[in-house]
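Trainee: Residue strings, one per chain:
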Amino acid sequence: MSIEALNISKRFGQFAALEGVNLEINRGELVALLGPSGSGKTTLLRVIAGLEFPDSGTIRFNGKDISDRTARERQVGFVFQHYALFRHMTVFENIAFGLKVRPRSSRPSREKIRAKVQELLRLIQLETLAQRYPSQLSGGQRQRVALARALAVEPSVLLLDEPFGALDAKVRLELRRWLRQLHDEIHITSVFVTHDQEEALEVADRVVVMNQGRIEQVGAPDEVYNHPASPFVYNFLGNVNLFHGRVDDGKTYIQETATGQVLYVRPHLLEIARLPNGGSHFRARIKQINSAGPLVKVEAIAEWGDSVRVEMPQERFQNLQLVKNEEVFIIPKDVKVFAKREPA
Amino acid sequence: MATTFTIRNLGLPVSRRAAAATSEQAWIRWLLIGTAVVFLAVFLFMPLAVVFTSALAKGVSVYFSALREPDALAAIRLTLIAAGIAVPLNLVFGIAAAWAIGKFDFFGKSFLTTLIDLPFSVSPVVSGLIYVLIFGLQGLLGPWLAAHDIKVIFAVPGIVLATTFVTFPFIARELIPLVEAQGNEEEEAALTLGASGWQTFYRVTLPNIKWGLLYGVILCNARAMGEFGAVSVVSGHIRGRTNTMPLHIEILYNEYQFAPAFAVASLLALLALATLFAKTAVEWKSRQHAKELARMGEAA
Amino acid sequence: MRLNFKQQSILPGFGLALGFTVLYLSLIVLIPLSATFLKASTLTWQQFWHIVTAPRAIASYRLSFGASAIAAGINLFFGLIVAWVLVRYEFPAKKLFDSLVDLPFALPTAVAGIALTAIYSRNGWLGQYFDRIGIHSAYSPLGVVIALTFTGLPFVVRTVQPVLEDLDKEMEEAAASLGADRWQTITRVLVPAIMPAALTGFTMAFARAVGEYGSVVFISGNMPMRTEITPLLIITKLEQYDYAGATAIAVVMLVVSFAMLLSINLLQAWSGGRTRAKAAAAIVAPAFSEA
Chain A
1 MSIEALNISK RFGQFAALEG VNLEINRGEL VALLGPSGSG KTTLLRVIAG LEFPDSGTIR
61 FNGKDISDRT ARERQVGFVF QHYALFRHMT VFENIAFGLK VRPRSSRPSR EKIRAKVQEL
121 LRLIQLETLA QRYPSQLSGG QRQRVALARA LAVEPSVLLL DEPFGALDAK VRLELRRWLR
181 QLHDEIHITS VFVTHDQEEA LEVADRVVVM NQGRIEQVGA PDEVYNHPAS PFVYNFLGNV
241 NLFHGRVDDG KTYIQETATG QVLYVRPHLL EIARLPNGGS HFRARIKQIN SAGPLVKVEA
301 IAEWGDSVRV EMPQERFQNL QLVKNEEVFI IPKDVKVFAK REPA
Chain B
345 MATTFTIRNL GLPVSRRAAA ATSEQAWIRW LLIGTAVVFL AVFLFMPLAV VFTSALAKGV
405 SVYFSALREP DALAAIRLTL IAAGIAVPLN LVFGIAAAWA IGKFDFFGKS FLTTLIDLPF
465 SVSPVVSGLI YVLIFGLQGL LGPWLAAHDI KVIFAVPGIV LATTFVTFPF IARELIPLVE
525 AQGNEEEEAA LTLGASGWQT FYRVTLPNIK WGLLYGVILC NARAMGEFGA VSVVSGHIRG
585 RTNTMPLHIE ILYNEYQFAP AFAVASLLAL LALATLFAKT AVEWKSRQHA KELARMGEAA
Chain C
645 MRLNFKQQSI LPGFGLALGF TVLYLSLIVL IPLSATFLKA STLTWQQFWH IVTAPRAIAS
705 YRLSFGASAI AAGINLFFGL IVAWVLVRYE FPAKKLFDSL VDLPFALPTA VAGIALTAIY
765 SRNGWLGQYF DRIGIHSAYS PLGVVIALTF TGLPFVVRTV QPVLEDLDKE MEEAAASLGA
825 DRWQTITRVL VPAIMPAALT GFTMAFARAV GEYGSVVFIS GNMPMRTEIT PLLIITKLEQ
885 YDYAGATAIA VVMLVVSFAM LLSINLLQAW SGGRTRAKAA AAIVAPAFSE A
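For the record, the sequence lines run as chains A, B and C.
Just so you know, the working numbering puts 59 at position 59 of the first sequence, and the rest follows in order with no gaps.
Just so you know, the working numbering puts 413 at position 69 of the second sequence, and the rest follows in order with no gaps.
Just so you know, the working numbering puts 723 at position 79 of the third sequence, and the rest follows in order with no gaps.
Just chain A, with the same shape it has in the complex (with noise of 0.2 Å):
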């Protein structure tokens, strides 16, 4: 089923959380809504599911205007941060439940119910826990169940609320590879909510940046990571390193103030040479040299005396063997430029 928001605003109080938004969703696909907290995603997520009326604006599923119905009438399937299980309720009857509430004339037979929940848990592979309470799983396993909660109403949309924010690391990255891959096999149109940039340019078929309550940009993971529409975007896609400055004819000019424009850099995409290399570069002091893990992070001071973060390659860092205090030349390889007045 496809989604339409359509100059959705919504406020709390003073406190604006959606600012005229539009997006479109299409069908099966999988998308993330990317922001800081605060940024209105967790909000939009909710009105598109009915949990929140909009003050304005319209939500459409299949072209069709259910802004008027009720979070029970738009049978769509949420996850709630934190699950929200029934705590009195065991595994199998939390999954039951959606089917257990449907009218007399709709409700699916004891048996029926029961095999579509047993499918579900093997789904979930929790086949052997469906009568542990939720009290007695951990919490990857809670958030399975929650999944194959909403999953047993079988919606048309599945919502997902910060889905791994409450699990530790390894957990994360385990259940979003699951999450992707439950996706390619059931392709049902899913949103998911987070604040982890990593986590959304992962498992996203499109990633939607959010920010004081207006979309940012929407893209494929690799556009909005690679051609950021905003300096927000740039920011919060990645760690970066700003300069005052300018490109003329591909050239790029650090250091000149006068522009009004900024250049945002990616660590991984300054180069430290020993030598120049007649293009763009400029002099600095390595500060500091952290090489553990896959990439070496070198802090320098820059010539005007402002930090600067480079990231490389082991094999580069062997090749170069930086040593602390040396002078170097850092050559920009990408720059992206905006006007200046944005903050970021």
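Honestly, the hints are just simulated from the structure, not real lab data.
Treat the numbers as computed from the prediction; the structure is a model and nothing was measured.
Just so you know, even glycine gets a beta-carbon here, dropped at the ideal spot from N, CA and C.
Warning: the hint list may mix true and false statements.
To be verified - According to the in silico footprint, chain C covers these stretches of chain B (three or more CB under 8 Å from chain C):
1) 377 to 391
2) 402 to 416
3) 444 to 457
4) 468 to 477
5) 507 to 518
6) 577 to 585
7) 588 to 598
Claimed, not checked - Below, computed lysine-lysine pairings styled on DSSO-like, alpha-carbon distance capped at 30 Å:
8) A/K100 <-> B/K554
9) C/K813 <-> B/K554
10) C/K650 <-> B/K453
11) C/K739 <-> B/K635
12) B/K453 <-> B/K554
13) A/K100 <-> B/K629
14) B/K629 <-> C/K813
15) C/K650 <-> C/K738
16) A/K100 <-> A/K112
17) A/K251 <-> A/K170
18) C/K813 <-> C/K739
Said to hold, decoys possible - Under 7 Å between C-beta atoms, here's a sample of chain A residues computed to sit facing chain C:
19) L51
20) F53
21) A71
Since the structure of chain A is already known, use the hints to place chains B and C on it.
Mentor: Chains B and C only, in chain A's frame:
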């Protein structure tokens, strides 16, 4: 006893001064414990003990005949009727108030919560009086009621009303903080899964608050059955007709029938003990529940 | 209903639940209470003043408020000890004592009244010893204090107990590590922490005692000017069909109890959110509000 103190002195190289600053010397400890125990014994154990010994002072047969006497049975019946109406009324109210106040944010919410507490701060005698002023012969509705031959004061309706007033906040104030603490997420989950409002309440909210609910009902019932001042004002003390158990006790006592008075009193004392027992059990149960939630929080 | 009156929520049933709450509250509590003030307004100010300042009324206030203050004071002192002992020490039958603290909430006041009278009357378990040294413990103001001490006993214990439980032992250890001795630790660290809760408990015990009737009437002897508490004076006036007089005194009591309800709320606001919820719940539901 004195576990912290001894463990410190035996095992850990903590300086004397530090130990002395975080716990008391043994004689002070035992002095405090002794004071507390004597105080509680005199003010709590002794009254309980005197009820049962006085009730049985004239022998078991006097005890049971006092309870089988028609007036006593009538008093017990009326007490059960009054509690049987007041408790369910306040239960429905408590649930409605908890749902409105605990689940929603609206203007004047804390003022409303304070108003619900009002009956606690009103003297029982005044609680009775306010109904006399409305329904009594000289009251606002008195002439109209008399003309239609409806008796509220010095009759069962008045007793039920006074009992309801006095026990009004019990269940509500038990449930409101509980419902508030649960949050709305489980209910929202139920709604997105297609449950109706009633199904959500019945299958999700109610099971989560059942212990608090039970506790509130127990407390409300204890007070409803034991209320004296308010009921005394509206009852008229008609033997066999408008006497509740506490009023019956008063009459027997004033007639110097001490053993029968204490016999009826012992029933209410047993009710009080059962209430305390149930309270302890429910508290234990809810603590388990809280621990479970805490565990859920940790694992998450 | 898209007014600002209520924050939007998708949960159903707000109108029904709030409507019923307000209706029932009005029918059972608000309208009857206002009837008292309506009735009192039929008196002129002079009449009203004459009734509420009559010597017998003044004597009853003095007894009711005086005895309530003394009883609440006794409960403050012993309540702090009991709470401390229950939280910090281990001793035999501690659990039993702990659960029995709530007895005055659960035991009907009439039962408490006759039981206390039996204990403190001239040939009672304790009364005989008081009598031997020439003290009348029953049928005297002392009897009123005893009864009110009983009814108010749980309040201080149950408001202070959760605060003491929450107090980190580490705080005391920190004070000790900074060089404070036990007395300094108690007066500078513990007392300020439990003060608001203790005061709340004191005020609750006092408020409850002022209105108390059942446990007092048996033991007090009910002699006008000497052992007649204010609630009893209302009943006496009612029995003499002096409705105006009873109402006037009742208005005085209502005003006092509203003032006390307000001060309890203020005290709880002062003692802060966490203790507040607990202390409020402690009236009927000691230490239960955590769930």
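Trainee: Now, for every hint given, state plainly whether the structure supports it.
Mentor: A quick look at each hint next to the structure:
Under the rule that three or more residues need a Cβ within less than 8 Å of chain C, the assignment of the segment 377 to 391 of chain B holds, with 12 such residues. Check on the segment 402 to 416 of chain B: 0 of its residues sit with their Cβ under 8 Å from a Cβ of chain C, so the three-residue criterion for coverage is violated. By the rule of at least three residues with a Cβ nearer than 8 Å to a Cβ of chain C, the coverage given for the segment 444 to 457 of chain B holds, with 8 such residues. For the segment 468 to 477 of chain B, the proposed coverage by chain C is satisfied: 8 residues have a C-beta within less than 8 Å of a C-beta in that chain, meeting the threshold of three.
Coverage of the segment 507 to 518 of chain B by chain C holds in this model, with 7 residues showing a Cβ closer than 8 Å to a Cβ of that chain against a need of three. With a cut-off of 8 Å between beta carbons, the segment 577 to 585 of chain B has 1 residues touching chain C; three or more are needed, and the interface restraint is violated. With a threshold of 8 Å between beta carbons, the proposed coverage of the segment 588 to 598 of chain B by chain C holds, since 6 of its residues qualify and at least three are required. Between A/K100 and B/K554, the direct Cα distance comes to roughly 21 Å. Compliance with the 30 Å bound is thereby established for this hinted pair.
This hinted pair does not check out: C/K813 and B/K554 have alpha carbons roughly 34 Å apart, beyond 30 Å. Between the alpha carbons of C/K650 and B/K453 the distance comes to roughly 10 Å, so the proposed pair stays at or under 30 Å and holds. A distance of roughly 20 Å separates the Cα atoms of C/K739 and B/K635; the hinted pair therefore holds under the 30 Å criterion. A hinted pair counts as satisfied when its Cα atoms are at most 30 Å apart, and B/K453 with B/K554 qualifies at roughly 24 Å.
Annotation: proposed proximity of A/K100 to B/K629 holds, straight-line Cα distance about 28 Å (limit 30 Å). Proximity of B/K629 to C/K813 is assessed by CA-CA distance (about 26 Å); at most 30 Å being required, the pair is judged to hold. Distance hint between C/K650 and C/K738 is unfulfilled; the C-alpha atoms sit about 47 Å from each other, more than 30 Å. As the CA atoms of A/K100 and A/K112 are separated by approximately 11 Å, the hinted pair is consistent with the 30 Å bound.
Proximity of A/K251 to A/K170 is assessed by CA-CA distance (about 43 Å); at most 30 Å being required, the pair is judged violated. For the suggested pair C/K813 and C/K739, the alpha carbons sit about 21 Å apart, so the restraint of at most 30 Å is met. At a threshold of 7 Å, the smallest CB-CB gap from A/L51 to chain C is about 5 Å, leaving the interface hint in force. Satisfaction of the interface hint for A/F53 is found here, the shortest Cβ-Cβ separation to chain C being roughly 6 Å, below the 7 Å cut-off.
Interface restraint check: A/A71 against chain C, minimum CB-CB distance 6 Å, threshold 7 Å, status holds.
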